[in-house]
Amino acid sequence: MDLSYGPEYDTFRSEVQTFLAANASAAPRGEGLRSPKMLSWQKRLIEHGYAARTIPKAYGGYGAAPDILQSRIIAEEFARAQISQGMGGQGISMLVPTLLEVGTEAQKEQFIRPTLLGEMLWCQGYSEPGAGSDLASLRTSAVLDGDEWVVNGQKIWTSTAHLADWIFCLVRTEPNAPKHKGISFLLFRMDTPGIEIRPLVDMTGNANFNEVFFTDVRVPKDQVVGRRGDGWLVANAILGHERDSLGNPDATLARFNALAELMKIETLNGQRLIDHPVYRDRLMTLQGRMMALRYNDLRVLSARLNQADASLARMITKLEGTELRHALEGLAIDIMGEFGLAYGDNPLKRDHGSWQYQYMYFLGLIIGGGTSQIQKNIISERGLGMPKEPKLDRAG
Amino acid sequence: MEFGLSREQTLLTDSVARFLSKEAPLDRVRRFATEGDDRDIWAGLAELGVPALLVPESAGGVGLGCLDAALIAEQLGYRATPSPFLGTGVALPLAARWGGRIGDELLAAVAAGERRVGVALANAVGRRADATLSSAGGRLDGIVHFAMDAGADDYLVATDTGALYLVAADAPGLSIKAFDTIDRSRRTAELHFAGVTGSLVGDDPALVARLLDALRVMLAADTLGAAQQMLDQSVAYAKQREQFNRPIATFQAVKHMCADMAAALEPCRAMIWYAGHALDHMPDEAHLVACHTKAHVAEVGKAVAKTSTEVHGGMGFTDLVGLHYWFKRVGYNRQMLGTPEMMRLEAARAQGLAA
Ligand SMILES: Cc1cc2nc3c(=O)[nH]c(=O)nc-3n(C[C@H](O)[C@H](O)[C@H](O)COP(=O)(O)OP(=O)(O)OC[C@H]3O[C@@H](n4cnc5c(N)ncnc54)[C@H](O)[C@@H]3O)c2cc1C
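Protein chains in written order, with my numbering: chain A, 62 to 457; chain B, 202 to 556.
If you're looking for bench data, these hints aren't it; they were derived computationally from the structure.
Wrong hints could be hidden among the right ones.
Said to hold, decoys possible - Heads up, simulated DSBU-like pairs for lysine-lysine below, C-alpha to C-alpha not over 30 Å straight-line:
1) A:K104 / A:K169
2) B:K223 / B:K529
3) B:K440 / A:K452
4) A:K240 / B:K223
5) B:K507 / B:K440
6) A:K449 / B:K223
7) B:K529 / B:K507
8) B:K223 / B:K507
9) A:K325 / A:K240
10) B:K440 / B:K378
11) B:K440 / A:K449
12) B:K503 / A:K449
Here chain A stands alone, though its shape is the one from the complex (with noise of 0.2 Å):
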């Protein structure tokens, strides 16, 4: 047991911290994807290596060795700074490590460098009406014309489709094939003819995901990532860097924080809110939990760091993640009673109403990328060893 990170680390953070302490009035707070301050902030941030770190410089990235402990001190010192890491969304957590390690040549050197200046964003186009928890049993079908694939079908619950520039899609290639075999990987441009949005309104009150129509949708036949029919091996590695991502523990620790100070200038009957027995009991309780989450997580690091196992370890902390933060953002709403509730246009909000948003939001990422069941089929299965249950249809 080691829990240092040594000198040369100590220095690393220092450099961090300096950075941070420099720059933070450029740095975006609130603002959108495509507001100049973020498109700026988001280049500043590569450029010093805190963005798009491990990249390789030829494709817009900074190039350094991948070192799992100077990423994780820059989340650490980001999140301690509440300052934004910068731009995230599915073009760059999911699509640019895909493309980086079973891109062409070509692919990575056309979407990768504007992918990370968040000059071209993306939607991922997985789910539709009929394939949800069982993604593989898609329809979308692409058929091949000549050079260009033609595209029909329809997704469903496509985050920011509605901004994307480009979307990563996967589509049913090879109609007689097992299901998992028929799938392709392809990227196409959103403006292109035959696609359309309608948006969805979500439980938060914002449409920020959507349904997305292709009808004769025409894509030029290079654009698929791996190989034909390959589509689902692609995506399931872009799945695990999602999981990864999901039940961030830093952003986890910055809200308890947050609901600490929240409870400390609340009042019920003149009384803080920090010191109503029960009040503070279940924050306590959470606090245990976000620990154990926390020694967890760094765990799942050091094994990475060390070539160890920790696989159940790693395998649980999307489901444990997501409900934990759930449960967090759920108390703060718990404990302010009426004043809970306020949220819209309401002046007696607390946090900008982010405790209502959040706890709608993060049951949005507990059903989203691989629901609770599905998490405790995978623990069970993979991680316990228990059989899968027996199938009513083996078509397909």
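Mind docking chain B with the ligand on chain A? Use the hints.
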């Protein structure tokens, strides 16, 4: 950075695990529950160096750390092993290491597995009913209700105000009433003091507080092991038990019960490692982490104990598979030296969130 166990730690726990699976299986635990004799087990553990683990090398011990001890506690929990490890192997050597007055002779005898020490710190945690223990001029008067690792040669006892004494079991004026708790894999006794002369180990309540933190982490580690045992048995049983013409492990309700147990329990392992490490190396954090570890692992343990019993159906409720030994072990670990609510209040105090 390395958040994980060293090769030596893995070797140590493997050797203890092997010994216990061979020499102290459930049948042996059952025999202890009726006969109360664990001498062969403790002698075997002594051969492996368990009682000497935390004893300084200068006094004939191995001089290892609290994390090592927690790993042993986990193994003892995994087999519901009867042993005086907490008092003898943990509390006494740590009291010496942390500045208490303990003679080298006693430490050497403890390290060799020849003397046993029980612990009676309950009054320093919270006094219930008529519990009270005071000292005047080195003479102890009062009652401690739940002394752990009874049947010992000596007892470490804490007064209400947190002074620590060592008293011999046969000291004049001390009467020891052994009694049952729900956990028959442990020996518990009530201690009555009437003008008992003890030797003062330390009068700074900080020493008792630190010992309590260490013992709490050990109890939590024991629960981790016990709950892991219950999870392992659940998975094994579910794979082999058939209903509706298929193994019940294929039923999603059963799989999800097991996944819930695993998802809650796995982070407890990292928490125990961290807490064990903190006791020796992170004085600023150790208390807070120990409180949260005691509380959180107790909550997870309770849920696992219930769920695991349910996975076994009626069999889980019987004495036949003996699952209840672990169920009760988890219960004991939860109630002793601070319940989850008390621990969370302590945790709040430790960070200035409660008066
Ligand atoms: C906020 C949000 C953003 C999203 N963004 C995107 C996006 O950008 N792109 C995209 O492609 N998709 C996106 N999704 C879709 C998301 O991936 C799916 O919602 C998710 O995979 C679940 O599929 P479903 O909604 O069809 O639910 P269903 O699969 O119909 O599930 C309904 C219920 O059945 C349960 N269930 C289903 N199968 C099983 C099983 N085998 N065992 C046990 N229980 C089961 C589920 O757990 C759930 O409780 C998003 C979803 C959300 C909530």
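Here is what the structure says about each hint:
1. Distance restraint check for K104 of chain A and K169 of chain A: the Cα-Cα separation of roughly 19 Å lies within the 30 Å cut-off, and the hinted pair is therefore satisfied.
2. For the given pair, K223 of chain B sits about 22 Å from K529 of chain B by alpha-carbon distance, which is consistent with the 30 Å threshold.
3. Using a Cα cut-off of 30 Å, the hinted pair K440 of chain B and K452 of chain A holds, with the two alpha carbons roughly 17 Å apart.
4. Pair hint K240 of chain A plus K223 of chain B does not hold up; C-alpha atoms about 49 Å apart against a cutoff of 30 Å.
5. With a C-alpha separation of about 19 Å, the suggested pair K507 of chain B and K440 of chain B falls inside the 30 Å cut-off, and the hint holds.
6. The straight-line distance between the Cα atoms of K449 of chain A and K223 of chain B is roughly 33 Å, outside the 30 Å bound, and the hint therefore fails.
7. Restraint check: the Cα-Cα separation between K529 of chain B and K507 of chain B comes to about 11 Å, which is no more than 30 Å; the hinted pair holds.
8. Between K223 of chain B and K507 of chain B the CA atoms are separated by roughly 27 Å; this keeps the pair inside 30 Å, and the hint holds.
9. For the hint pairing K325 of chain A with K240 of chain A, the CA-to-CA distance comes to about 55 Å; that exceeds 30 Å, so the pair is violated.
10. For a cut-off of 30 Å, the pair hint linking K440 of chain B to K378 of chain B is broken: about 45 Å separates their Cα positions.
11. About 11 Å separates the Cα atoms of K440 of chain B and K449 of chain A, which keeps this hinted pair within 30 Å; it holds.
12. Using a Cα cut-off of 30 Å, the hinted pair K503 of chain B and K449 of chain A holds, with the two alpha carbons roughly 28 Å apart.
In summary, the numbered hints that this structure violates are 4, 6, 9 and 10.
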